[in-house]
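Construct the complete structure from the given sequences, taking the supplied hints into account.
Those protein sequence lines, which keep their order, are chains A and B. The numbers in the first sequence follow our numbering, run straight up by one, and end at 276. The numbers in the second sequence follow our numbering, run straight up by one, and end at 296.
Hints are not guaranteed to be accurate.
[Unchecked claim] Capping the alpha-carbon separation at 20 angstroms, the derived lysine to aspartate or glutamate pairs in DMTMM-like fashion look like this:
1. 158(A) x 225(A)
2. 184(B) x 115(A)
3. 196(A) x 107(A)
4. 182(B) x 126(A)
5. 69(A) x 107(A)
6. 184(B) x 101(B)
7. 182(B) x 101(B)
8. 182(B) x 172(B)
9. 270(A) x 259(A)
10. 149(A) x 172(B)
11. 184(B) x 126(A)
12. 149(A) x 194(A)
[To be verified] Derived DEER-like restraints, expressed as beta-carbon distance ranges:
13. 80(A) x 103(B): 24 to 34 angstroms
14. 162(B) x 250(A): 52 to 62 angstroms
15. 131(B) x 111(A): 49 to 59 angstroms
16. 100(B) x 98(A): 18 to 28 angstroms
[Unchecked claim] Which stretches of chain A does chain B cover? Using the computed rule of at least three CB atoms under 8 angstroms from a CB of chain B, they are:
17. 104-114
18. 125-134
Just so you know, these hints were derived from the structure itself, not from any lab. Glycine residues also receive a C-beta, built at the ideal position from the N, C-alpha and C atoms.
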Amino acid sequence: MLEIADLRAGYGGTEVLRGLSLSVGKGEVVAVLGSNGVGKTTLNKVLSGVQPARSGSVRFDGREILGTSARDIVASGLIHVPEGRKIFPNLTILENLELGGYCRPKRVRAGNIEKVFSIFPRLEERTRQYAGTLSGGEQQMLAIGRGLMSEPKLLILDEPSLGLSPLLVEEMFSLIRRLSDDGLPIMLVEQNVMQSLDLASRAFILENGSVALSGDAAELRGNPELKRAYLGL
Amino acid sequence: MYSPTIIFEALMNGLMLGAVYALIALGLTLIYGVLHIVNFAHGALLTVAMYLVWLASDRFGLDPYVAILVVTPLMFAIGYCLQRFIIGPASRGSDNGILLATLGLSIVIQNLLLAGFNSDTRTIATDYAFEIVPLGPLLLSLPRVIGLGVSVVTAVLLWAILNRTDIGKAIRAVAKEKLGASLVGINVAHVYAMTFAIGTACLAIAGGLLMPSFYVSPTTGAAFVLVAFTIVVLGGMGSIPGALIGGLLIGVVEAISSLFLGDSLGQIGIFLIFILVLLVKPTGLFGARA
Chain A
44 MLEIADLRAG YGGTEVLRGL SLSVGKGEVV AVLGSNGVGK TTLNKVLSGV QPARSGSVRF
104 DGREILGTSA RDIVASGLIH VPEGRKIFPN LTILENLELG GYCRPKRVRA GNIEKVFSIF
164 PRLEERTRQY AGTLSGGEQQ MLAIGRGLMS EPKLLILDEP SLGLSPLLVE EMFSLIRRLS
224 DDGLPIMLVE QNVMQSLDLA SRAFILENGS VALSGDAAEL RGNPELKRAY LGL
Chain B
7 MYSPTIIFEA LMNGLMLGAV YALIALGLTL IYGVLHIVNF AHGALLTVAM YLVWLASDRF
67 GLDPYVAILV VTPLMFAIGY CLQRFIIGPA SRGSDNGILL ATLGLSIVIQ NLLLAGFNSD
127 TRTIATDYAF EIVPLGPLLL SLPRVIGLGV SVVTAVLLWA ILNRTDIGKA IRAVAKEKLG
187 ASLVGINVAH VYAMTFAIGT ACLAIAGGLL MPSFYVSPTT GAAFVLVAFT IVVLGGMGSI
247 PGALIGGLLI GVVEAISSLF LGDSLGQIGI FLIFILVLLV KPTGLFGARA
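Rendered as structure tokens:
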């Protein structure tokens, strides 16, 4: 589905991604883990076309997408729900969702909004409310809902649990599981290691802009190397 | 002391003049709200619009109000191309770059106009320029009544575009959340250009409304934009309702201070307000805190 090979990117004189390779298959949840500053957010920005890469290749759905515009990437179905949600605070919930479908035909919009409301009934209760007035958890739901409006073939979730209470983190992870059970491939980029490994089938651990460790999620859970690098055990 | 009728007439005159000010400020504040820069080319583009209306009338015999229908789409296209192909690329993504590009553009436009039309003032003679509309005891100038009407219609239309259409919602989205907008597939460069185009189209309408009762020379626009800038600050930078209310308010202030201080000192009131707003409420009437 998504194949990243030897990807390099950076800002000015600093190289952030140093030959990163990973893949996400059909129907899979893949966790991309790593602490602050290993390049997770840069990777996502490159994948969604808002940050140029220096070299490497990114194939999505059989097509090279490096160098294409952010709009083309959204149109092809690779949808990125960014860290920090990046919803439109000055627009209503309904307008946020409508813009999620900006690249899709208008006639499918109402149906897609219904679908999002069935997943997030709480959003339906307050369609006219400005998104900026929502709580952190609700904003995260809106961000994912807006992503779903773009009809993803693969969803990149960047730190969906960041800044949420433990209870909401639980809720968020079970929601991601539901989305995945419906057949949506997900690339889950997280700092929340154990919960992500529970959910994912495979995982990639990043260090210094490349993959330090990868493999089956269940196996990685017991890997002493992971515990050392990550948890300081 | 003046009779109440005269004061009320001045008030109405102020409101009507203010409506056209508001239209100019509307474009300025819209561009500020989305691109986060003061468009220094706004005045020069207003002058261009006024010359286009004058040309349409002088060469093709179009009534200035009819000319609005031709000049508005033309200015829309000019605005779009300027932002998409000159200001945007020249700024290389930095806000300071956009600012400097618009400043440079204003100098180029002004000098091109000077070269093309020299510094003579041009007017359009219409047979209704001095027509009076009686409203009860008040006598109102016809071009100003039309100016108020058309400005109100334009403001409503702009509101509808921003709130009811996809591109309008995209404009509002880009104003606050550029990255989020890119990630839903909104082309930010296109939205910037559309915003600039709409702001420039507002100038075309303002130009058409001004020409029957005003003159144009290569520097005319600058005077109006100075007032419009005051309105934008008064209303709150980037606030559309602020520009409308601020425009009407400034129009009234100018009319009243002209009445009491004489025409040549009329604008003093405007700039006093400008300084007062900066001192007392720098975010303006409708401005959001950063």
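Inset, instruction - Three residues minimum, CB to CB under 8 angstroms: does the stretch 104-114 of chain A make the cut for coverage by chain B? Let me know. - result: holds (count 3)
Legend entry - Distance restraint between residue 184(B) and residue 126(A), which requires alpha-carbon spacing of 20 angstroms or less: Holds: residue 184(B) and residue 126(A) sit about 14 angstroms apart, inside 20 angstroms.
Inset, instruction - Kindly confirm whether 24 to 34 angstroms is satisfied by the beta carbon distance between residue 80(A) and residue 103(B). - result: 29 angstroms, holds
Inset, instruction - Could you tell me whether the CB distance from residue 131(B) to residue 111(A) stays inside 49 to 59 angstroms? - result: 56 angstroms, holds
Legend entry - Given hint residue 172(B) paired with residue 182(B) - CA-CA distance at most 20 angstroms: 16 angstroms, holds
Legend entry - Holds or violated: residue 69(A) to residue 107(A), with C-alpha atoms at most 20 angstroms apart: 17 angstroms, holds
Inset, instruction - With a cut-off of 20 angstroms on the C-alpha distance, tell me whether residue 184(B) and residue 115(A) pass. - result: Holds - the C-alpha atoms of residue 115(A) and residue 184(B) are around 17 angstroms apart, at most 20 angstroms.
Legend entry - Satisfaction of hint between residue 107(A) and residue 196(A), Cα-Cα up to 20 angstroms: Distance ~15 angstroms between residue 196(A) and residue 107(A) Cα, so the pair holds.
Inset, instruction - Measure nothing beyond the straight line between the CA atoms of residue 270(A) and residue 259(A); if it is 20 angstroms or shorter, mark the hint as holding. - result: Between residue 270(A) and residue 259(A) the Cα gap is close to 15 angstroms, so the pair holds against 20 angstroms.
Legend entry - Pairwise hint evaluation, residue 194(A) against residue 149(A), where the allowed Cα distance is 20 angstroms at most: 13 angstroms, holds
Legend entry - Restraint status (C-alpha distance of residue 158(A) to residue 225(A) at most 20 angstroms): 13 angstroms, holds
Legend entry - Given hint residue 126(A) paired with residue 182(B) - CA-CA distance at most 20 angstroms: 16 angstroms, holds
Violation of the numbered hints given earlier is absent; every hint is satisfied by the structure.
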